[in-house]
Every structure is written in structure tokens, then in C-alpha cells.
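Model the full structure from these sequences, guided by the hints.
Letter by letter, the chains look like this.
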Amino acid sequence: MATVTLNQAQKTYPNGFKAIHGIDLKIEHGEFTVLVGPSGCGKSTLLRMIAGLEGISDGEISIDDKVVNTVAPADRDIAMVFQNYALYPHMNNYDNMAYGLKNRGYSKAEIDTKVREAARILQLEDHLERKPRQLSGGQRQRVAMGRAIVRQPKVFLFDEPLSNLDAKLRVDMRLEIKNLQQRLGITSVYVTHDQVEAMTLADRLIVMNGGVAEQIGSPIDVYEKPASQFVAGFIGSPAMNFLKGKVSDDKKHVTVGDGVELELDHDVEGGREVTVGIRPEHLQMHNDGNGRIDAGVRMVESLGAETLAYLDFGANADNVTLRLQGTHQFAQGEKLNLSVPADKIHLFDIETGKRI
Amino acid sequence: MYQSKWRIFTNHTILVLGSLFMILPVWIAFASSTHTREYIFQNGLQFWPGGEFFTNYGAILFDAEATKGRVTALEMLFNSMVLGLGFAIGKVIISMMAAYAIVYFRFKLAVPLFWIIFSTLLLPLEVRIVPSYEVVANLGLLNSYTGLILPLIASATGTFFFRQFYRSVPDELLEAARLDGAGPLRFFIDILVPLSVTMIAAIFIIMFVVGWNQYLWPLLMTTDDQLYTIVIGIKQVYNSLYEGGQIPQFPKAFALTIMASVPPVLVVVIFQRMFIKGLVETEK
Numbered sequence: 000m001a002t003v004t005l006n007q008a009q010k011t012y013p014n015g016f017k018a019i020h021g022i023d024l025k026i027e028h029g030e031f032t033v034l035v036g037p038s039g040c041g042k043s044t045l046l047r048m049i050a051g052l053e054g055i056s057d058g059e060i061s062i063d064d065k066v067v068n069t070v071a072p073a074d075r076d077i078a079m080v081f082q083n084y085a086l087y088p089h090m091n092n093y094d095n096m097a098y099g100l101k102n103r104g105y106s107k108a109e110i111d112t113k114v115r116e117a118a119r120i121l122q123l124e125d126h127l128e129r130k131p132r133q134l135s136g137g138q139r140q141r142v143a144m145g146r147a148i149v150r151q152p153k154v155f156l157f158d159e160p161l162s163n164l165d166a167k168l169r170v171d172m173r174l175e176i177k178n179l180q181q182r183l184g185i186t187s188v189y190v191t192h193d194q195v196e197a198m199t200l201a202d203r204l205i206v207m208n209g210g211v212a213e214q215i216g217s218p219i220d221v222y223e224k225p226a227s228q229f230v231a232g233f234i235g236s237p238a239m240n241f242l243k244g245k246v247s248d249d250k251k252h253v254t255v256g257d258g259v260e261l262e263l264d265h266d267v268e269g270g271r272e273v274t275v276g277i278r279p280e281h282l283q284m285h286n287d288g289n290g291r292i293d294a295g296v297r298m299v300e301s302l303g304a305e306t307l308a309y310l311d312f313g314a315n316a317d318n319v320t321l322r323l324q325g326t327h328q329f330a331q332g333e334k335l336n337l338s339v340p341a342d343k344i345h346l347f348d349i350e351t352g353k354r355i
Numbered sequence: 000m001y002q003s004k005w006r007i008f009t010n011h012t013i014l015v016l017g018s019l020f021m022i023l024p025v026w027i028a029f030a031s032s033t034h035t036r037e038y039i040f041q042n043g044l045q046f047w048p049g050g051e052f053f054t055n056y057g058a059i060l061f062d063a064e065a066t067k068g069r070v071t072a073l074e075m076l077f078n079s080m081v082l083g084l085g086f087a088i089g090k091v092i093i094s095m096m097a098a099y100a101i102v103y104f105r106f107k108l109a110v111p112l113f114w115i116i117f118s119t120l121l122l123p124l125e126v127r128i129v130p131s132y133e134v135v136a137n138l139g140l141l142n143s144y145t146g147l148i149l150p151l152i153a154s155a156t157g158t159f160f161f162r163q164f165y166r167s168v169p170d171e172l173l174e175a176a177r178l179d180g181a182g183p184l185r186f187f188i189d190i191l192v193p194l195s196v197t198m199i200a201a202i203f204i205i206m207f208v209v210g211w212n213q214y215l216w217p218l219l220m221t222t223d224d225q226l227y228t229i230v231i232g233i234k235q236v237y238n239s240l241y242e243g244g245q246i247p248q249f250p251k252a253f254a255l256t257i258m259a260s261v262p263p264v265l266v267v268v269i270f271q272r273m274f275i276k277g278l279v280e281t282e283k
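Protein sequence lines, in the order shown, are assigned to chains A and B. Going by numbering that gives the first Met the number 0, 219 is the number at position 220 of the first sequence; the sequence numbering is gapless. Going by numbering that gives the first Met the number 0, 259 is the number at position 260 of the second sequence; the sequence numbering is gapless.
These aren't lab readings, by the way, just hints derived from the structure by calculation. Every value quoted in this text rests on a predicted model; they were computed, and no experiment measured them. Glycine included, every Cβ here is placed at the ideal spot set by N, Cα and C. Fair warning: there could be bad hints in the mix.
As the list claims (entries may be wrong) - Here's a subset of chain A near chain B, in silico, CB distances under 7 Å, partners left out:
1. Ala73
2. Met79
3. Phe81
4. Asn83
5. Ala85
6. Tyr87
7. His89
8. Tyr98
9. Gly99
10. Asn102
11. Gly104
Here you go:
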């Protein structure tokens, strides 16, 4: 059990590229933190800085209140799981898990107890004598996790551990990781670009963009109150609709498309140009004509459990996604009557993209 | 792919002819080495083995007189073996370590140093043979195994091959090892060397054969018959064929040639198995 504290941690590469622009963060005991963001946002760099595989240009990183900026990776008491497993191909799975313990001078008997215990937890007992290449992708990833847990480190670091697995296995392993982490209660930092993984695993989500933490919060907070247009667009699938809008003079409405007026749940400066964000699942369809929005159907995608319709709201808003439960039949050009609850409308500043 | 019978037939004909072309001279040398010298002198090269195999080979292996020197073929084989093994093992070790330094320790001069090493590939031993001789002579290493092996041990080719191989090893392996508490030496011995087994076998084969076949260098370095390698021995035997008005020792010269070629062939045959096995099993 340990805390990880980042105090204005920065990373500048020798060529002048600034990968991390100063991040403040405190990860609590046993917390599962997920770093999520598009490729090149610095999430892996940040993880590797915590691991000690990348140097820290400025600021501090502490584990359990001890600054570890110059501590070697092996001495930070952390364990890391890599995307490509990084198992030693010439060692069998037992030796793969035992290697770190051997280097730390544990006795043979201790190593044996720890490895067998880890193998039991991960259901790898039958595979200990085999080499990594004789295992499936999921089993290899479990060996990699076994290598991490035998040492009972203070912090687990995961670098996109599920990216190399196929879709079904990914879901299973996701549950397994969550389960394992809760059972062992070890502070974890997990990097992914997959927002579903991020939402399901995280106690706390850190959405990164261009070396900056755009938002830090619980997954539900991030989903319900995205701090910026970037976060709003990144979290949620299909992505949030963004429309150009203008706040009415009474400060209580915003106009989008061809004069569609939407009610707001909080006052905003009148006449201000804003970006309006609406999640596809928050558009409600009305059969009684009570909705404020009328829109034509451009295209329909039926996924079975849900139906996605692409709608035309008029000027500057001709590709709005609507997500409905179940199957629906729409003709092209059919007019739908819709509404959005006031508390589901997000407004963002046009210039800065910040939430209003 | 579908292959017609005609095509299989022509392919095999070409292969069989090619093989015969390569093997026949060796076979004739072997067959001729098993006759008496009088018989060869009268009847020329022989295609079928005669009855003198044990006599001729026994004489050349154990009787210094038969090789026209003060050293038996067995001793020369031993010298060649020392040279070949020392040469190959030394080159493998030195080039592995050099490549390890160049790839994993990003010191400032790594790149220029690598290119300097690499450019020496262009210079054959013959170019630097006089200064090399001078150095070895000043060190007092003439007529010693050390003098024979040490100056040849640095290898640009080997360093280059190992460098290319190390660069293909995923970085995560190094990082995982670092997290597992392995220092540079541990990582090299526990991870990199076992992963390089196939490369080691390949370079060992090549270098052993090259070392075994060295002619000019041992000729310069050794004035003492006791240190003659078998390649030099062959030369010496052929030189003395016509001396003394006796009937030339053709069968024994052929026997020596055959013996000189057996160990490299064995090394290739034995290690090639490991080499291929490694190729099939290794996976990154």
C-alpha cells in the first residue's frame, strides 16, 4: 500500500519537445488510477516517469512521501506490465516470475512459495514449466501480471496491457485485472487509449491531451461534467455531438442549427457564442410532438441492441448522432421530434474549449 | 506449388550435377590417398579406394618423418584446433561485448566508434600484417598460441552482426529486466546471451572455418615446426614432394589434405543443427 504524488512533474526531451507540461496529482492508497488519452498525449511517458524508465526534467515524483526522482527503477518498489508482455522468451514461466526475486536475493524456498501463490491466484499452475511462446496471449499477459505480483510491490503500473489481445479476451482480462487489484489492494496506475477500459477500471480517471491533464476525476464525473470540449469528445462512444450555438438574451436558452432553442439549467451571459455539446444517448424522441427539435434522418445504423441515426439539425449542424435503445425503422428524410433535458446540455467556450 | 514431373526431373538433374562437380575432386583426393605411392606414380589419380588407408593415414598422423618435418599431422591438427577454437570463441566474446556496449550504453562516441569499427571491415588482414607482426614481435609473442590468436580476435563482422541482432531485441525486455533488479552485467548474461544462442552458433561456425583456414598469419608468426597448423603443413608437404629423388609422396599429401578438411566440415555439420533448431525455436 502506497501513495504516489506528482508535484509539477515535467518532461522535456533533449530535442526540446515538451512531453509533459507539469502535472499535479496525488494517488491514494489502493486507488486504481487510469491515464487515458489519444496517442502522443504523454500518458505512457508519465507512467514511465513514475516507473523510473524516463528521467524527470523538473518537479518531483514521490512514492510514499519519499522523492524518487533519482531512484533506480528496481529500487522504487514498483512493478510494471507491458503491452507486449516483455516476458523473457528463453525462460519458462516459473523463471520469468522468479527472476526479479532471484535478483533481490530471496531464498529458493521463499521464491517457490511466492511464485506458486501468484500462479494459484492467476490460475497458471499448469503452465509453470512451459515457455511463454507455448501460451496464448491472455495466458502470457497473466504471466506478466504474475511477475508483477510476486514481488508484492507498492505500486502496479500497467502500460496498455490489453491492447494486444482480441476483443473478447480483453473484456475477460479487464474484469480479471479489476478483480485482482481490488483483492490485493495495491495502488495502480493504468495507461490505455481505450475509453471503455478507462471507464470500467478507474476509481479515478485522468484524461490527458498534449502533455496536460485535461481533467482528473471519477469516471462518472468525467462523463457527466467534462471539463473541456476535448474530454467531452474523447469520453463516450459514439462521441458527443458538438454544435455551434448562441446564448439567448434571457440567458436561459441557447440556439443551434436553424433556430432550434434549447433550455439551459444555469444562466449564461446573453448573446455569447458557444459550442453546445449533446451526447447521442441524451437526445430523446417524442411521438406526441412535444419536443422542441425537428430533424430529418440522413442515415441509420442498426446494431441490434441499439440504433444510431444521423440527423440534420440545419445549418452548421447537419450530422448529429442520435442513439436509441432497441431497433427502430426510419426512412431516409423522415422527420423526428426530439428534446434534450436541460441538465444534459454541455456548453464550452469557443476559444478555450473550457466548460461553461 | 504444382510441379510437373519434367520440372522435378530437370531440377534434380541440375542439383545432382552440381553436387558431383563439388564432391568429385574431394573423392578423387580421398581415393588416391589410399594407394601406395608407387601405384599413384605409375597409374595417376585413382577413382576407387585402394588398400593402404590405414598405412598412409597412420604414418601421416603419428610419424613426423612422413610430413617431411619435425611435427606429426596429429600435432598440426591440434595446433589448428587451438587456433580455430581460440579464434572463433575469442571473436564471439569480443564482438558480443563490443556490440553490447555500442547498442545499450548510449555514450557520446558510440556512433562514430561503431563506424570506425565497421570501416575496418574494408581492410583485410594482409593490409596490416606488417605492423601487426611488428607489434607481436615486440611483445615477444612470436611462436606462441597467444601471438597466433590474440591479434586476430577483434572482429568488425561479428560486432556488426551482434549489433544488428541486439537492436532487434525489444526495449521492453531491457526495461522489464531493469524493474526486476538486473544490472547491466546480469542483463547481458541472463537475458541477452541466451537470446543470442543462434547468432553465437552462426558466428562461431563462420569464424572457426576462417580461423582454421588462416595461412598467411600463422606462416609469419611461427618459425617453430611445433606450432605449425595443418594448412601450413599441407603446403610444406607439397613443397617437399620432389625433393631427394624419391618417388613423390602423393598419397600422404592427399591424406593430409583430407584430414585438414574434416574438422571444419564436422563443426559446420554439428553446429548447423543447433543453428537451425535455434532458428525454429527462438521467438520474440
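| task | Could you work out which earlier hints the structure fails to respect and list their numbers in ascending sequence? | result | Structure breaks hint 11 only.
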